[in-house]
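Undergrad: From just these sequences and the hints, can you work out the full model?
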Amino acid sequence: MTNPTRPGSEPVSAVIDLDRVDHIRQLVGERGANLRLVEKHTGAQVSVRGNRLTITGREAAVSVASRALTALAQLIDNGYPLMPHDIQKTLDMVLADKDAGVYEVFTDTISIPSSSRHVAPKSPGQKTYVQAMRDSTVVFAIGPAGTGKTYLAVAMAASALFERQCKRIVLTRPAVEAGEKLGFLPGDIAEKVNPYLRPLYDALEDMTDIDRVKQFIARGVIEVAPLAFMRGRSLNDSFVILDEAQNTTPEQMKMFLTRLGFNSRAVITGDITQVDLPPDRPSGLVHATHILEGMDGISVCRLTSADVVRHPLVARIIDAYDRDDSKKKPTSSPGSPGR
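Sequence positions in the sequence shown follow the working numbering and run 1 to 339.
These aren't lab readings, by the way, just hints derived from the structure by calculation.
Check before you lean on any hint, since a few could be wrong.
[Said to hold, decoys possible] No farther apart than 30 Å at their CA atoms in a straight line, the calculated lysine-lysine pairs in the DSS-like style are these:
1) Lys167 <-> Lys254
2) Lys167 <-> Lys214
3) Lys127 <-> Lys254
4) Lys127 <-> Lys40
5) Lys167 <-> Lys127
6) Lys98 <-> Lys127
7) Lys40 <-> Lys98
TA: As structure tokens, then:
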């Protein structure tokens, strides 16, 4: 598909040929937006003539641009519904690793029979996370906002439910802001905890229709279970998601993990840099990963700014905060809570 040439000291060039005009249009993007993004991030120049893309520039720039465009062309040729943010993630991958398997990452689809939405990882880190959820009984996903921790967990839970690998989905989250004393709030349990579980609802509603989600909740197929109400229960045939787990205490985390029954799986997500517990209270997420990592049946996935699937500025903001935190806290013990 690519044909790089280097005549003497002249700029390197490469060509990409596609068989179909509509595929070229997808690759080029609206008013050439995709190509401009490639040019901006690589420094190469990309021109279009008929079904052919010609890439010129310095050798390193042409190499990155041609790898990215070839990977995108392969996705389009195989019917992948290319989205604008896929261009940026492809560039991120090939810039970080010249051998990045872009096609393998983007096509690792999570099957949700009731949904027409395409859910798949957008980075090697997310692909590792998805595979861990397939292979392990308990998965800890640690990473900053926007890395797909919650969204991919909900997608896997929905897939398991619709493919009858489990009988229900249980969604839980510590209500730290309300001190877990939810009894004085109006409404039933679901209404009391709804503000805290909104990200989980949003992800579910994004994958299947709202009416069906409401029916599942009414029938208990999707259960809202505030962490404070989990004590004493055994969860069988369930896919359980504990979100915002950095705000659990070690005692709460132990209580949650020991609720797991037969034919059940648990995914625990959190960002250890955003702990809302009092300074003297250790994070149950930090503690649990410290003592459980490496145990058979348990996986710990650590996502980074490279896995962020939001506006590109979000990844740079996360990196800036990480640099600032590293200056303030040069050392920290494994069991101490992040802030």
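Undergrad: Give a verdict on every hint.
TA: Here is how each hint holds up against the structure:
1. Lys167 <-> Lys254: Answer holds: Lys167 to Lys254 is near 24 Å, not above 30 Å.
2. Lys167 <-> Lys214: holds (16 Å)
3. Lys127 <-> Lys254: Status holds; Cα separation ~28 Å.
4. Lys127 <-> Lys40: At roughly 27 Å apart (the allowed maximum being 30 Å), Lys40 and Lys127 satisfy the hint.
5. Lys167 <-> Lys127: holds (25 Å)
6. Lys98 <-> Lys127: The hint holds at about 17 Å.
7. Lys40 <-> Lys98: Within the cut-off at roughly 18 Å; holds.
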